[in-house]
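*Asks:* Since the structure of chain S is already known, use the hints to place chain L on it.
Number of protein chains: 2
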Amino acid sequence: MNKEVLAVAKGTKPADLVIKNGKIVNVYSGEIYEGGVAVCGDTIAAVGDVEYCIGENTTVVDAQGKYLTPGFLDGHIHPESSSLAIRPFAEAVLSHGTTGIMTDLHEVGVVSGLEGIEAVLKEAEGTDLKIYFIVPSHVPFSPNLETSGGRFDPAIIRKALKRPDAVGLSECVGPYITAEFPDLMESFDDALSMPGKTLQGHLPDMYGGAMSACVAAGVSTDHESFCEKDVFERLRNGCHLMMREGSAARNMTTLLKTVLDNHLDTSMVSIVTDDLHTVDLAERGHLDDALRTALANGADFVTAIQMVTVNCARAFQLEREIGGLAPGRRADINITTGPEDFKVLSTFAGGRQITDNGKLLVHYETPVHEPCILNTMHLLNPITPESFHIKAPAGAKKVKALVMDTLPYIPFTNRRDVELPVVDGVVRCDTDQDVLYIAQVERHGKNGNIGKGFMGGFHIKGGAMASSVGHDNHNIIVMGDSFEDMALAVNRCVELGGGQVIVREGKVAAEVAYPICGLLSDLPLSELAEKKRELNRVAHEMGTPIAIPFMFLSFICLAAIPAYAITDCGFIDVPTQSVIDPILEVVE
Amino acid sequence: MNKEVLAVAKGTKPADLVIKNGKIVNVYSGEIYEGGVAVCGDTIAAVGDVEYCIGENTTVVDAQGKYLTPGFLDGHIHPESSSLAIRPFAEAVLSHGTTGIMTDLHEVGVVSGLEGIEAVLKEAEGTDLKIYFIVPSHVPFSPNLETSGGRFDPAIIRKALKRPDAVGLSECVGPYITAEFPDLMESFDDALSMPGKTLQGHLPDMYGGAMSACVAAGVSTDHESFCEKDVFERLRNGCHLMMREGSAARNMTTLLKTVLDNHLDTSMVSIVTDDLHTVDLAERGHLDDALRTALANGADFVTAIQMVTVNCARAFQLEREIGGLAPGRRADINITTGPEDFKVLSTFAGGRQITDNGKLLVHYETPVHEPCILNTMHLLNPITPESFHIKAPAGAKKVKALVMDTLPYIPFTNRRDVELPVVDGVVRCDTDQDVLYIAQVERHGKNGNIGKGFMGGFHIKGGAMASSVGHDNHNIIVMGDSFEDMALAVNRCVELGGGQVIVREGKVAAEVAYPICGLLSDLPLSELAEKKRELNRVAHEMGTPIAIPFMFLSFICLAAIPAYAITDCGFIDVPTQSVIDPILEVVE
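Residue numbers (the working numbering), protein chains in the order written: chain S, 1 to 588; chain L, 1 to 588.
The following block holds chain S by itself, in its conformation from the complex (with noise of 0.2 Å):
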């Protein structure tokens, strides 16, 4: 019992902070009205009329007629998609208006397994952003299929489950449920078997008796919606709609559109991000963006602001810790315009001030980071250019190979024959054909594993690009159409520490350090947004139309997307869950 809370509600004992002559927009009764929050601590202690809670220390904060909002909360989200580390991460959405975020911190348990992601909970807790963990449901993603650097299993799952910021299971894998993975199955009885944990669904394509199934087993929230069938799916089997509106996948108009169109209950129906990319953070904004998307597409304000606060909170049974202003909920409030010209002005977190009219008032330092979440490129064996080499079937002269091709709006590949030329017993790319190497490069210091195979789409042109983020398991993808280029760029992301590099004609062109995890940069958003930025330059002046080269690429690592990937494994038939050898037959 926080007695000091009960002293400010009661009038006895003057606020800390009274954010007054506000327009409160109350998710819970569904209102909007004139008053304002008195706070305590990191608390809110009274709302309405609080003229009587303010005293001699009180702070007081003249909202001006301004909306008062609760902080927003994202219910799906991996910060590390930003690049950033957790405080300037923090900062940067803080600045947005989102005071909470569910997040998995799953592509640092890849790397650094639970160790690595506890440590960036403690480095989050010297932040004013609240954080709450959703434990991995399955590291690496597909475990016979790439190496990783963190493994969960059950008994590490059920550790983290106990933690006290410990929400639930995140990214329950639609097929792994309806297939029962025994390791699955056993972490879910686990989770379910503690109050409050939640199972997040990760359930695209889920229709019928497999989402029925998914969500009999306990799922009870999805973000993987993409059409109107999929909202008619999820709602009614009484399972939480996540939209997306992040940078990888923008779906919330179409799911939007759903939802108002049929007058559909909007209490289970929230707005996350689930990836956010420097540039779009830095430029767009976080939630504060998706909901000028929402008030813009029809959403009524009241409504669009429960979307990002309340039945967030709900989807995790939290919503009498967070997601509103009333009594007894952390103090995170945001002063903001109307729906017209909606835009967070400044934002208040556990009850302190972070914002002030869109300037930032606080900077969290550094921190000396755990060494569990450095030093993580561990190459078994020096990296040469013939360490990319694909070689031809004893004197083949010209071979006829898979080629997976990636579609230029969404990381998905699609199967192109082509006949490549051999040169002393190596298969060569052809960028007049636009095929290139790519090659992923195992960095945890496990096996010292190469996977081969051949890319088109990227049209990339003299040189190569290499980076330590690749989903799932963040080994070193590489690609280009040089195998010096090539080497040349994984080495140099090895001495960064981790990063994406650039080299072109023989020399490093562009680069950027990710020296936690080999993900994470300490650079606060603008200056890492600049190095992005100039890399995405860089790529398209090689040739690429893609826009986010190096985001398509980590995506090109991962053996579920179909219909292709490459890990340190091998080159992967996703629809089979098998390697493949990407050299069909010998032309001649």
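Any given hint could be a false lead.
[Stated by the list, open to error] Computed far set for chain S versus chain L, every beta-carbon distance over 12 Å: (1) 10; (2) 44; (3) 113; (4) 153; (5) 226; (6) 262; (7) 341; (8) 423; (9) 424; (10) 431; (11) 511; (12) 562; (13) 573; (14) 586.
[Stated by the list, open to error] Here are the simulated BS3-like pairs of lysine-lysine, each with C-alpha atoms no more than 30 Å apart in a straight line: (15) L/229 <-> S/3; (16) S/159 <-> L/3; (17) S/20 <-> L/3.
[Claimed, not checked] Reference excerpt, derived from the structure (chain L facing chain S, CB under 10 Å, subset only): (18) 35; (19) 239; (20) 385.
No wet-lab data here; the hints were simulated from the structure.
We put the CB at the ideal spot given by N, CA and C, even for glycine.
*Replies:* Then chain L, alone, in the frame of chain S:
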């Protein structure tokens, strides 16, 4: 993980039960559409097009185009108000479509403590009614002003909270919270430290800072709303509004009007009954009756159904277990007519069919009751007519006395000063002035207390009524115009092992036995209702204009209802919470 349910959902195993050809009232999406429900054991496996779940041995029920709703939930009810033992109570409410209740079994606790409650919960397991236990937050209600059988201290409450069926603390009294009673605060801390436990408020007349303090302390629901102001006060503070529509208080119509007229968000609004008496339950029904009233007062069909299903489940964070037709939820299903002529036709609870077109299909045998809930009438001293004498000051012939007058429509009492004669040193009642003797006799074997006073408003002549039901201590309350009849009534009540007795001119004229805790009968609803109608009839013959005189009498013992009360400790001045002398002065 219930793999059977998954198998049925996936279609690899036939369902045990399929209800088909219905109109699904989907409380999640807010829609009504055609479909069915497939059930495996006690759990829903699939909803919608469930033809694929039908196998050779599946029981198929044709809903014939009627509506399918979730089973109803009463989020705040004291079953003891029905005077039915838990098994006939379960039969009665299941017959009206109620498949789950949240209850504190507070009255049983007052008599027999946690042990008694646990015995009743055990008996309930033999029924299909799902009971969630809300632990009483304080027993007795007024520890210094009454004697109870059971007592709940923080240690007992902690033990009770650890039961897997415990969902929180019940009846957390507003002024006790704002006064920060240490025992209560300790129990709050215990409950709030356990995920999923809810603090249920009892917050009449709490406004502004007082209401803020209660919510800040963690209270998240309340059922004590009476007027428009109460609706706003709760919802705006993020406190779930339980609109009461019971026997003692029928507040829903007023509150619902406020909700609908102001277009308030209804997701935190539910309907409860609190107290529902035998005859009302027999003649009107339970939540089905409240729904008819809600629908007649303009509530949309889906919205009304949400108020007795998913909204209630969410208030207790039980939405993944009950409250909706979705996979994984308990198979609690009603087949109903539509909003114009709303009626529950058939009910399924935990997958078992309870009623078929109004016909009850199940019967719960009377169990062997645990000793702790039987033989609870323990008088320390014999009761004689002299037991009820109120002595006048020595030599007085006439005194001025303070009579408490009940209002005719609600058992609130007002002061009336009357002059009363003294005969043989004993102050006499005066039926010409409508002044009766009233007393409460301690019956828990603790101290033999008898509290005495004078009562007006009942207008009984020529006898006495006695009852072992007296809130909130359940000692024997007795009222009459003759010491002899009062003694006979009390002694007969004790002979019955508890119950309600009317003595007329020296003879027992009507009676009902409550052998369980002195509160409950094993009779089925219809038989018990008949006996209670007879008690009412005789009391009305004896002159009372009060419709349910024993119910009013039971509230006259409640030291919390203004302005006066009688307990075993004496005549109580409620505002000052003290025992006072009903004799004001000697007149002659």
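*Asks:* Report the numbers of all earlier hints that the structure fails to satisfy, in ascending order.
*Replies:* Those not satisfied are hints 1, 2, 6, 17, 20.
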